[in-house]
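Model the placement of chain B on the given structure of chain A, informed by the hints.
2 protein chains.
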Amino acid sequence: MDEFEAIARLFRPLSEGAPEAFGLSDDAAALPPRPGFDLVVTKDAVVEGVHFLPGDPPGLVARKLLRVNLSDLAAKGAEPYGYFLAVSWPAHWGDEAKTAFAAGLAQDQAEFGVRLLGGDTTSTPGPFTASVTMMGWVPSGRMLRRSGAKPGQALLVTGTIGDGALGLLAAQGELAALGDERRAALADRYRLPRPRLALREGLLAHASACLDVSDGLIGDVIHMEEASGVAIQIDLERLPLSEAARAFVERCSDPVAALAELATAGDDYELAIAASIPEAMMLAVAAAEADIPLTPIGRIAEGTGTLVLHKGQPVLLTRTGWKH
Amino acid sequence: MDEFEAIARLFRPLSEGAPEAFGLSDDAAALPPRPGFDLVVTKDAVVEGVHFLPGDPPGLVARKLLRVNLSDLAAKGAEPYGYFLAVSWPAHWGDEAKTAFAAGLAQDQAEFGVRLLGGDTTSTPGPFTASVTMMGWVPSGRMLRRSGAKPGQALLVTGTIGDGALGLLAAQGELAALGDERRAALADRYRLPRPRLALREGLLAHASACLDVSDGLIGDVIHMEEASGVAIQIDLERLPLSEAARAFVERCSDPVAALAELATAGDDYELAIAASIPEAMMLAVAAAEADIPLTPIGRIAEGTGTLVLHKGQPVLLTRTGWKH
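One line per chain: the protein sequences are A and B, in this order. If you use numbering that gives the first Met the number 0, the first sequence corresponds to residues 0 to 323, in order. If you use numbering that gives the first Met the number 0, the second sequence corresponds to residues 0 to 323, in order.
Since the hints were made in silico from the structure, they are not lab data. Careful, some of the hints might be misleading.
Computed cross-link-like contacts, SDA-like style, restricted to lysine to any residue with a CA-CA straight-line distance of at most 25 angstroms [to be verified]:
#	chain 1	residue 1	chain 2	residue 2
1	A	Lys-149	A	Thr-305
2	B	Lys-149	A	Asp-1
3	A	Lys-149	B	Lys-149
4	A	Lys-149	B	Leu-23
5	B	Lys-97	A	Pro-18
Next up, chain A with everything else stripped away, as it sits in the complex (with noise of 0.2 angstroms):
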């Protein structure tokens, strides 16, 4: 297929139904407002080596790529649109990986409700990139800011911490004494997040601030607390973690060391959440009717810095990182 071809065959496909895409044929598309909503858009890229590994199955890649990008809008608020892609494709990266790859994208636009816009595509001498640039909706002025925590809230997040590290490992080979099932179980975390859409109406409705856990709980936190303005502190011994995640911390030699470096590691496509306490006492109940894991992990103060404490006892940076 050459580069008309596997636009005609793989991506017009994905425009059906968005008159806007006018069918990719044009050099744009036009999006007509929508009265009373903010378009909130995100642009996230993925390269091979670097944020997924070269054996990954292309129809993972792609529904990875679509979700790390849906998983910025869950934590706006914003509810799915449609998006944007720009694909270099290695030498390598034959007619049967593409098609795979569209098939991918096909399958989570289905799961997520989002459609192609437009994009390009090019070869590439290095190795598979390629950006979504992914758009929403939220109600005007509504779209919730990594900005606005409070003293006296609660912090907040959903699901497990720590997976989608432990599933790279899991993905590379390492972890071999956790057992095959929880090692597959991780590297399925690592190769397919699970943006957490589900809980939009309820964060729109009860959450002072949010941002999505992307590049480590902790670290994103550290941006919240910046942004905000506040003081953050996580008690680490509440971290919410998985079975095959808690067999690692409890097989390491110091396991808040271990939790540490879970909290501070990346690939997670959680929430991290600040509201007030009846808020959150409301969000929970909108995530338990959602199925969705919600966890207080800490709180919001006065002043400046994250604090991060275990059974009341600081615990200290090492790596990117944290030392007990």
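Same frame as chain A, but now just chain B:
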């Protein structure tokens, strides 16, 4: 500079004056609707060694990246608004190259009135790769399409054709016979396209169809022909040439084949326009006022197919490509 330093030092200043970008400090931007306008969105990527030469100055790479996207806005009659950037830095792009890249963005932001609204930076083990998602505004439903050409209309083109492809040869050290001055002028055309945004109001008022000539004039006119469901005739002897391109054609053993080569080569970033004869005359006045050359090179007819003539004689394909 690490990723966060690069964002803070190089990119955050490029978002100044755009409150919807939140100083690039959040997961996403929130774009308010502009009542009565559609948001025109286009996305193009560049790869080192594919779209620019490995030794090209980073500032010029940045400006070309913006300009190839702005050229799409120009073709659609859109007013530039802002853009999202994903950039993957190779290890050999140090702080100096990154700073020069950002300075190139700043220079063309000022020239074209756009602001950085968000994006992503990553590392790459491969060549420098970047994509821009460029946004502009058109009055609702007024985006110029490829599909609006009608029988009886004239086909016009801005500027000169073929300089981009000759410029690539010149930048690679070819075309010695043309002399250094012409070669420098051509290489500059390759490295720094001139998006024809100054013709925007004239196009919206008078053009029926328009597209950006980036993949070769004839191939792009075929896109207009197919999208519009018409036949198009191009008179090759009317192809507007720069003095340097004319000197190239005159030195060729088969000047008509040389003209056909220039009409099928890429990187011109001029506009191909269909307009009725009276509207084309009005457009010519607007182009003269904007100091943009505008040349009638053919006509639209009933039927299908793109016919290329030279002084009334059909010119047949070779290469990608055309043969006399």
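Against the structure, the hints come out as follows:
{"no.": "1", "hint": "A:Lys-149 - A:Thr-305", "in the structure": "14 angstroms, holds"}
{"no.": "2", "hint": "B:Lys-149 - A:Asp-1", "in the structure": "30 angstroms, violated"}
{"no.": "3", "hint": "A:Lys-149 - B:Lys-149", "in the structure": "61 angstroms, violated"}
{"no.": "4", "hint": "A:Lys-149 - B:Leu-23", "in the structure": "21 angstroms, holds"}
{"no.": "5", "hint": "B:Lys-97 - A:Pro-18", "in the structure": "38 angstroms, violated"}
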